[in-house]
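J.: These are the residues of each chain, in order.
Protein chains: 6
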Amino acid sequence: MQISGRNKLQATVKEVVKGEVMAKVVMDYKGNEIVAAITMDSINELGLKPGDSVAALIKATDVMVIK
Amino acid sequence: MQISGRNKLQATVKEVVKGEVMAKVVMDYKGNEIVAAITMDSINELGLKPGDSVAALIKATDVMVIK
Amino acid sequence: MQISGRNKLQATVKEVVKGEVMAKVVMDYKGNEIVAAITMDSINELGLKPGDSVAALIKATDVMVIK
Amino acid sequence: MQISGRNKLQATVKEVVKGEVMAKVVMDYKGNEIVAAITMDSINELGLKPGDSVAALIKATDVMVIK
Amino acid sequence: MQISGRNKLQATVKEVVKGEVMAKVVMDYKGNEIVAAITMDSINELGLKPGDSVAALIKATDVMVIK
Amino acid sequence: MQISGRNKLQATVKEVVKGEVMAKVVMDYKGNEIVAAITMDSINELGLKPGDSVAALIKATDVMVIK
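Chains as they are written, first to last, in UniProt numbering: chain A, 1 to 67; chain B, 1 to 67; chain C, 1 to 67; chain D, 1 to 67; chain E, 1 to 67; chain F, 1 to 67.
These are calculated hints, taken from the structure and not from any lab test.
Careful: at least some of the hints might be erroneous.
The list treats identical chains as one, so a pair stands whether inside a single copy or across any two.
Claimed, not checked - Here are the simulated lysine to aspartate or glutamate pairs, EDC-like style, with alpha carbons at most 16 Å apart:
1. K67 with E15
2. K30 with D41
3. K67 with D41
4. K8 with D41
5. K8 with D28
6. K8 with E20
7. K14 with D52
8. K18 with D41
9. K8 with E33
10. K67 with D52
11. K49 with D28
12. K67 with D28
13. K67 with E45
14. K8 with E45
15. K30 with E20
16. K14 with D28
17. K67 with E20
The task is simple: from the sequences and hints, build the whole structure.
T.: What follows is the structure, encoded as structure tokens:
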């Protein structure tokens, strides 16, 4: 299975903050934090918790550049 | 100046591929490739070229998680 | 492998239109057309062509509602 | 009135889960679930509730492809 | 017909730049430029051209804040 | 510092509604409301409050056109 989304960063979940509809997932990627805002449904379906090995997936059209 | 976008990844531009409207910017982020699809206008305004020190900016709501 | 993105629509590729940086993928999803604009890199890496069985992946935060 | 967003799927609202800022709308499209995460303001302004006939609107640049 | 997308900015099309798959639409919104990158299909279907009265539609989750 | 995101609208914060994970920021841009849904982390880090002079930042690929 391959995904067209260009950016996949292997990371480790550090923290999951749960809201009613949305949740925040803080990941560690080589010492840098990556933050995702995803639905609570995803948190539950994937069983996301600190320590999990995951990948952050980001579509190329969602990446901006600062110079 | 601060930006609400949660993810700012310090990277180096490796390649810029120009189209008519859109361009692809390939960056190196700690040994991982990050790809951005941005407008040609941005390429020109920022003068983006290989070797540039940049940051990839990604809003938390645009990050998915794969487990 | 599970993906947090909530919407995965089983579809069949009908048409691939190639640009320099971006490409258009037209899919059939239960008689409805679904159109994706993805990078040419993705087209090449996945070898996308008409007739392919695929899934359209869409994050819940990218879905609007019209009433 | 026409909208540039390429993907419009005629669906029926099955469930609305309300948070403080965001809400989840689960829709049925020909037996498949489509999930949207939109603001509570939109829920209130459109008066979204189970049984409503709606369309899910998705911009082509927000659609990925899995093969 | 109502759309959940929170931001609808009444604007006038100033310029349309056509690519193979994507197009750039430059709009004037109260003296400020708004730029949209949409598919060529949308350009053709809506018949977008300079002088058109349009609205720029932006989902709240796609808006960042700089301070 | 320059950002590739094409749309930057100078605005004033009118209201901040806080949730657990996400927050809503309502801004005034020349008499028009602009709404952003961003993380609570951003609200806290930027110290966003009514009266603040800010800019709304929107990537061109996230702008649709209604005609």
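J.: A separate judgement is required for each hint: does it hold in the structure or not?
T.: The hints, checked one at a time:
{"no.": "1", "hint": "K67 with E15", "result": "between (30 Å within a copy, 15 Å between copies)"}
{"no.": "2", "hint": "K30 with D41", "result": "neither (27 Å within a copy, 21 Å between copies)"}
{"no.": "3", "hint": "K67 with D41", "result": "between (36 Å within a copy, 14 Å between copies)"}
{"no.": "4", "hint": "K8 with D41", "result": "between (21 Å within a copy, 14 Å between copies)"}
{"no.": "5", "hint": "K8 with D28", "result": "both (13 Å within a copy, 13 Å between copies)"}
{"no.": "6", "hint": "K8 with E20", "result": "neither (27 Å within a copy, 23 Å between copies)"}
{"no.": "7", "hint": "K14 with D52", "result": "within (8 Å within a copy, 31 Å between copies)"}
{"no.": "8", "hint": "K18 with D41", "result": "both (11 Å within a copy, 13 Å between copies)"}
{"no.": "9", "hint": "K8 with E33", "result": "both (14 Å within a copy, 9 Å between copies)"}
{"no.": "10", "hint": "K67 with D52", "result": "between (33 Å within a copy, 8 Å between copies)"}
{"no.": "11", "hint": "K49 with D28", "result": "within (13 Å within a copy, 29 Å between copies)"}
{"no.": "12", "hint": "K67 with D28", "result": "between (24 Å within a copy, 14 Å between copies)"}
{"no.": "13", "hint": "K67 with E45", "result": "between (38 Å within a copy, 10 Å between copies)"}
{"no.": "14", "hint": "K8 with E45", "result": "between (20 Å within a copy, 14 Å between copies)"}
{"no.": "15", "hint": "K30 with E20", "result": "neither (30 Å within a copy, 28 Å between copies)"}
{"no.": "16", "hint": "K14 with D28", "result": "within (6 Å within a copy, 24 Å between copies)"}
{"no.": "17", "hint": "K67 with E20", "result": "neither (37 Å within a copy, 22 Å between copies)"}
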